[in-house]
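Residue numbers (my numbering), protein chains in the order written: chain A, 2 to 348; chain B, 2 to 348.
Rather than coming from a laboratory, the hints here were simulated on the basis of the structure.
Any copy will do: because identical chains look the same in the list, a pair fits if it lies in one copy or spans two.
DSS-like, lysine-lysine: derived pairs with alpha carbons at most 30 Å apart:
#1 LYS33 - LYS53
#2 LYS97 - LYS190
#3 LYS337 - LYS162
#4 LYS74 - LYS53
#5 LYS25 - LYS97
Note that the coordinates shown come from a computational prediction; the quantities given were computed from them, not determined experimentally.
Protein chains: 2
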Amino acid sequence: MLTNSHTPTVKPASSKFLPPTDAKARVSQFMKQLQDEITQALAELDGVGEFKEDAWERPEGGGGRSRVLREGKIFEQAGVNFSEVWGSHLPPSILKQRPEAEGHQFYATGTSLVLHPRNPYVPTVHLNYRYFEAGPVWWFGGGADLTPYYPFAEDAAHFHKTLKQACDQHHAEYYPVFKRWCDEYFYLKHRNETRGVGGLFFDYQDGQGTLYRGPDPKGPAASYSDEVGVVAQRTWEDLFAFIQGGGRAFLPAYVPIVQRRHEIEYGDRERNFQLYRRGRYVEFNLVYDRGTIFGLQTNGRTESILMSLPPLVRWEYCYQPEPNSPEAELYDTFLKPQDWINWTTTH
Amino acid sequence: MLTNSHTPTVKPASSKFLPPTDAKARVSQFMKQLQDEITQALAELDGVGEFKEDAWERPEGGGGRSRVLREGKIFEQAGVNFSEVWGSHLPPSILKQRPEAEGHQFYATGTSLVLHPRNPYVPTVHLNYRYFEAGPVWWFGGGADLTPYYPFAEDAAHFHKTLKQACDQHHAEYYPVFKRWCDEYFYLKHRNETRGVGGLFFDYQDGQGTLYRGPDPKGPAASYSDEVGVVAQRTWEDLFAFIQGGGRAFLPAYVPIVQRRHEIEYGDRERNFQLYRRGRYVEFNLVYDRGTIFGLQTNGRTESILMSLPPLVRWEYCYQPEPNSPEAELYDTFLKPQDWINWTTTH
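Take the sequences, apply the hints, and build the full model.
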């Protein structure tokens, strides 16, 4: 025992937890394809607006391509980013969650989007899928969430059901766990509101057993923070397949909602409410969102990071929705966590 | 020595550093008067808009009165808050700066305002003066800063000169030290811009010698961070007189600027630039401002805290001002620290 005291027995990592040698290339290729597929489909859907691409390089390593469509017919602004970056060390906020990465170089690639439609009856939507490697650790993270301005339970249910199908092909616990994580993460504590009707959110998926490690210590108080530790051992290939499925579920989850809402007529009331509610998007992204704050504080490309902010926004002191109005219904029902899968019209 | 080991010799605080017994009442009365004087003068200046008051109580102790003028002739939105609050303990962010307050109840009172004019040629302005007591410690903080949309050196110089006069009546080092602190505090690191042309900013003024303790550890990198420790011992009465002078310098510093700019004609170009630049105000307040973040994270009255946000705001991906335009001059000169006191037109 004494002789071995300086050489602790390390259980060799099972090979099923190791990424393949071409992991980075395969994931970044997928992330680019996802950006291509989504921007192509959105440009076709819009019919008028076109994506303008800015390729950029990061002095510390890597770069990306930002694509923005402005002043379209359907989209007032649509931003879809791809990036692939590397560097000498991860920032402290991530190292706290993944101390094994300390002292190692890192690699990160991902695709993210935020779409701000013109018509207030069409919801805003966000997607992000990402992959990290740093020394002995690697993980996937991501998700997608919907932020409607007007309350259509049918839209929320369609979005959730489509994402759930994509999850269920990979693990029965993915949807319930990641749906809850999403409600918890996209929460504005100072407003006591969710950002919208949610969707999926997950982080640090490395296949080693724990789907969910409890709430982000910097995040909002969680109502179900003790329901942690759902175990699901997955290989790198399992997780990459899941990420691909999640990414590819985006268009079928969102596009049908756009198609059925974008021609509904609206007036100043609906437009003003949309601009007001967009303020919450700004508040969430600048006060709480870890990706945004991390990017701003670590010399990211500011214009690409803040592409998520809406093109036009209102704030109104002490706004209250009229009782029994659609705006009040949004607050009462759609800005609280709901079981959208089992939602019925008689609810 | 041994016998006295449990009763360390505490040098009794010199009485000149103690607040008078009626300190809280006197300061809060002044803060209310300042709110009254400013709201009355602004309502007269506007001529159309009126301040609506909301009195509010804080469950943990104290309360305030928020006054908001909306849709005035000159002011699109003007918010002027008074508050007086107390509680069992200060938040960790303040205790880190004032560890002596640990374990003590606190009292805080102050007045703050943000004015968002309609005409893009009239600058946005912010003021805040505040007083804290907590066990053995007390301090004053505050300042005022100007955020123009169009570049008028005359306005920046007038604002700074008026504040400098108010400072100079109390200490020759106040203006130079607090002017620099302001440039440093109201700085958007992710944009590499000051918020505007600055003014005054100071915190933790307790008369005990050090005007300036170096940059806020959470703040931006300071270019003059080694110039600390300017010594100025002041009594509580000295400081209270300075605070009153600073507060009362606000109207003469700002109102003449409004009067000479609010009737200049403008079009969509100027309005769009104003709305775009207002986005920086949102970014500063939500990403960096300690008052805002502290308030949002500690159960403050959200509507009063976010009264500082502009009523209408634009973001535009990769906006760049046209070379040699007034908008470019704002970026080149007015969003960098300048010596406005010695500014000449031949500069």
